[in-house]
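Keeping their order, the protein sequence lines are chains G and D. Following my numbering, the numbering of the first sequence begins with 172 at its first residue and continues without gaps. Following my numbering, the numbering of the second sequence begins with 357 at its first residue and continues without gaps.
FYI, nobody ran anything at the bench for these hints, they're computed from the structure. Any given hint could be a false lead.
So the derived list for chain D, only partly shown, Cβ under 7 Å to chain G, looks like this [unchecked claim]: (1) P412; (2) D440; (3) L441; (4) K444; (5) R454.
Beyond 12 Å from chain G on every Cβ pair, some chain D residues (computed) [as the list claims (entries may be wrong)]: (6) P411; (7) D436; (8) D453; (9) V458; (10) A543.
Covered stretches of chain D, as calculated for chain G (at least 3 residues, CB under 8 Å) [unchecked claim]: (11) 478-491; (12) 534-540.
Here a beta-carbon is modelled for each residue, glycine too, at the ideal position from N, C-alpha and C.
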Amino acid sequence: MTETGRHGGFERLAPRLAIGMAAVLLVAGFAIVLLGAKYYREREVADGEMQAQILASAVSAALAFDDRRGGQEYVNALEANRNVQVAAVYDANGDSFVVYTRSTDIASPGTAPTLRSEIVDNHLDIAMPVQQSGTRLGTVYLQVLIEPAGRRLIRYGLIALFLLLTALVVAVLGISQRELAKVNTELERRASELAQSNEKLQIQIEHREKAEAALRHSQKMEAIGQLIGGVAHDFNNLLQIILGSLQTLKRRGARWNLDLADSQEFHRFIDAGIGGGERAAALTHQLLAFSRRQPLAPKTVDLNKLVSGMSDLLRRTLGESIVIETVLSGGLWKAHIDPNQLENAVLNLAVNARDAMPNGGRLSIETANAYLDEVYVREHDDLSPGQYVVICVADNGVGMTQETLAKAFEPFFTTKDVGHGTGLGLSQVYGFVKQSGGHIRIESEPGIGTTVRFYLPRRFGADQQNEVGKPDRPPPAGSIDETILVVEDENSVRISSVGMLRELGYRVLDATDGHRALHFLEGEPGIRLLFTDVGLPGGLNGKQLADKARRLRPAIKVLFTTGYARDAIVHRGRLDPDVALIAKPFTYEALAEKVREILGEPGR
Amino acid sequence: MAAEISAHARKWGPAVIALALGVAALAAATLSQAFAGEGDTLALEVKATYLIKLPPFITWPGDAFPSSVSPFTLCVVGQDPFGDLLDKALAGKRLIDRPVAVLRIDTAAQDSPCQVMYVAAGPQPAVKSLQAVAGRPVLTVTDSAVDGAKGIVNFILRDNHVRLEIDQAGAIRNRLEISSKLLSVAASVTPK
C-alpha cells in the first residue's frame, strides 16, 4: 500500500517536474543566446586582434630585413582561416610590404592604415604595429569576416529548437514515466489477483482430488456390494428352503411314534441343521447389510437409551480386562434408524476393539450432536450438510496402518487369524450407516488406537411408534377359514412356505406367477392375505400384483418377502410405512408372528 | 638604311669608327660609374637601416651595460662608410628601450663600450678588431664587401639584395642570444 502511495506521489510530480525543468532550460537557453550575442563581437574582435598580433610578431624579422618571400608566406598562411579576407604588412614608412587577399576583387589599403580595431559592416578591420623589443618596424592589417547577424540568429534558433526538443523529450519522459507507473501498479494488482485465483484453483483441485478419491472408493464399495448382494440373495433363497424344510420336518417328527433314543437323535441332527442354517443366514444378513440391500425397519431411536441398554451385552462380550466408558450427551437428538442394525454395528465395533486390545484397555462410547457444514460435505461423497447424531467408539489398542485403514471397510478383509473373523464386521457398519443416510469416519494410528465415528441424520418430528418388547409365547396359529394365497416362482421356496402356513393351520392356495395369482383372486373371494415374493417372472412383479389385488379386493392384506430389498417396495433401503415385509430366510416363528400381526387376532 | 650607313662608313673610314667607339666607351664608363655609385649608396642605406634594426632581435647579457640608464652604444670602427645616415636614422630614437649613442673609433679595444660594433676598413685590420672584443657582449657586424673577416653578422649582397650571414658560434662566444626570427631570415647560419 505504501509502495502504491509513493508511486502515486511520484506519478503526480513527474510531469510538473518535467515542465519545470523544460521552462528552466528555455530561460537558461535564451539567457545564453543573449549573452552570446553580447560577447560574440567582443570575442570576434579579440580573436582577430590575436591573429594580427601573431602575424605581427612572426613577420617582424622578415619585415625588418626585407625578406618578402618569408613575409609572403606568413600572410598566405592566414588563408587557413576562412574568415580572413585581407592580410597585409606595411613597413615603417607605411609602404606595402606583403599582401594576401582571399579573392582578386577584394582590395587592400595602398598604404599603412591607422592603427585600429573596429567592426565595419560585416567585417572586422584590424591594424596593429609590428614591433620588436619596443622598436616599431611596421604595420599589419587584417580584414576578417564576421558571421552575419541573420546567420547567427539561425544558429541561435537552432539552439532554441534543440532546447525545445530537449524540454519536449523530458516532458514526454515524465509523462511516460507516470503512465508506466500506472501500468506497473495495474500489473501488480493483476498479478496478485492471478496468484489469488491460482491459490483458489489449487484448493479446488485438492478438494476435487479428495472428492474423486472418495467417489472411487464408494464406487468400489458399490461394485463389491452389488456382487455380494446378488450372491447373498441366492443364498437366502437356498437357506429358506433348507431352514423351512428342517423346521417342518422337526414339527412333523414330533407326531411320529419314534422311541426315545431315536427321537433324541432325530432332534439333535435336526437342531444342528437348523443351527447351521441360522448361522449361515446371519452371515448373509451381514453381507446384505454391507451391500445395503438388507431391508431396514427404521424407528425413531434415542441413541443414549440404546447405548445404555447395550451395556450388559458389551460387558459380556468384552470381558473383564477391558474398561468400558460411556459418555452420553445431554439433549441428544433422535435418529431415525433400524435399532437392531445399530446394535449390531456397535457390537461389531466393540468386538473389533476387543481384538485390538488383547492385554486389556479402554473402550469408550460417546454420543453427541454434530453439524456437518458445506465445506466438510463437499469433500465426502454422497452426503448432505445438516444436523447429525454422532456415536463415537474409541479404543486404545494396537491401531491400524494407513494401508490397513484404506481397506478396513472392504468385505472379507480381516487382520484376524483364520477362523477368528469373517471380515464383515466393519463392512456391516459401513453398509448400515450408508444405507441410513449417514456418514462414517475412521481414524487410527498404530500403537495409539482406533476411533470410529458414525454420523446418523437427525430425526425431526414426533416419534412414530414406541418400541414394543416381544412377549415370549408360542407361535400364533391360524384357522382353516383364513385363506392365504402364496405367490413364489421358486418351487422349493413355495413348497416350504406353503408347508409352513398349512402347519400353522391356514388354508393355503399357491401360484407360480402374477397372472395365475390374479386368476385365483378373481375366483376365490375368501382370500384374506396375499403373500408374494417381490421378484416374479411373467411381466408382473410383486408390487404390481399387490396393486391389482387391492383394486379387486380393497380389504385384502399383503405380505411381501424377498431375498433383498428392491426399489419396487423399498426406497433407499427403507420400507414404505404401510408395507409389510418378511425377509428371507424367515423362521417358522417369525412367519407365524408376521402373518398373525397382519391379519389381526383370529375371529376379528 | 643599312646600305646608307655602310656607304657613309666606307666614305669616312676607320677614323670615324675610332671616334665613335671612343665616345661610346667614355659614355659607358661614365654611366657605369654613375650607376655603380648610386647602387653603393642604396646598399649603404639598407645596411645602415639593417644595422639599426638588428638590436631588437638580439638579447644582451645583464653586464653588457654599465648601468640601467647607460645608453645603447653603436660603434663604427675605422672609416665610417655611412656618413650621416646613422645619425639621421637614429635621431630621437631608442633601441631596446635605451637612448642611442653612435661612437666612431679608430681601433677596437677590449674595453670599448660598444653593444654593436660595425667593423669598417681602417688602420686596424678587421680581424684584430674582432679579436679585441671576442668573449665580450658585443655584436660584431662586418661587410664582406669591405673586408674578408666576418663578424657575428656579416652583410652580403645576393640577387641584388643585402642579406645576412650569421655566426651562431660567435654569438655564443660573446654571450649573445639571437632571435630565431632573425635566424629565419638569414641567408646562412653557422651553427653552434
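Comparing the hints with the structure gives:
Nearest Cβ of chain G to the Cβ of P412 of chain D: about 4 Å, under the 7 Å cut. The hint holds. For the restraint placing D440 of chain D at the interface with chain G, the shortest Cβ-Cβ distance is roughly 19 Å, beyond the 7 Å limit, so the hint is violated. At a threshold of 7 Å, the smallest CB-CB gap from L441 of chain D to chain G is about 15 Å, leaving the interface hint violated. For K444 of chain D, the interface hint is violated, since its Cβ never comes within 7 Å of a Cβ in chain G; the closest pair sits about 14 Å apart.
Among the interface hints, the one on R454 of chain D is violated; its C-beta lies about 9 Å from the nearest C-beta in chain G, farther than the 7 Å criterion. In this structure P411 of chain D is not separated from chain G by more than 12 Å, as the shortest Cβ-Cβ distance comes to only about 7 Å. Once the 12 Å rule is applied to beta carbons, D436 of chain D is consistent with being away from chain G; the minimum gap is 22 Å. Not every CB of chain G lies more than 12 Å from the CB of D453 of chain D, the least distance being 5 Å, so the non-interface label is violated.
Distance check for V458 of chain D against chain G: the nearest CB is about 16 Å away, which clears 12 Å, and the non-interface claim stands. Distance check on A543 of chain D: its Cβ comes as close as 10 Å (rounded) to a Cβ of chain G, failing to clear the 12 Å threshold; non-interface status is violated. Check on the segment 478-491 of chain D: 0 of its residues sit with their Cβ under 8 Å from a Cβ of chain G, so the three-residue criterion for coverage is violated. Evaluation of the coverage hint for the segment 534-540 of chain D: fulfilled, as 4 residues show C-beta separations to chain G shorter than 8 Å, against a requirement of three.
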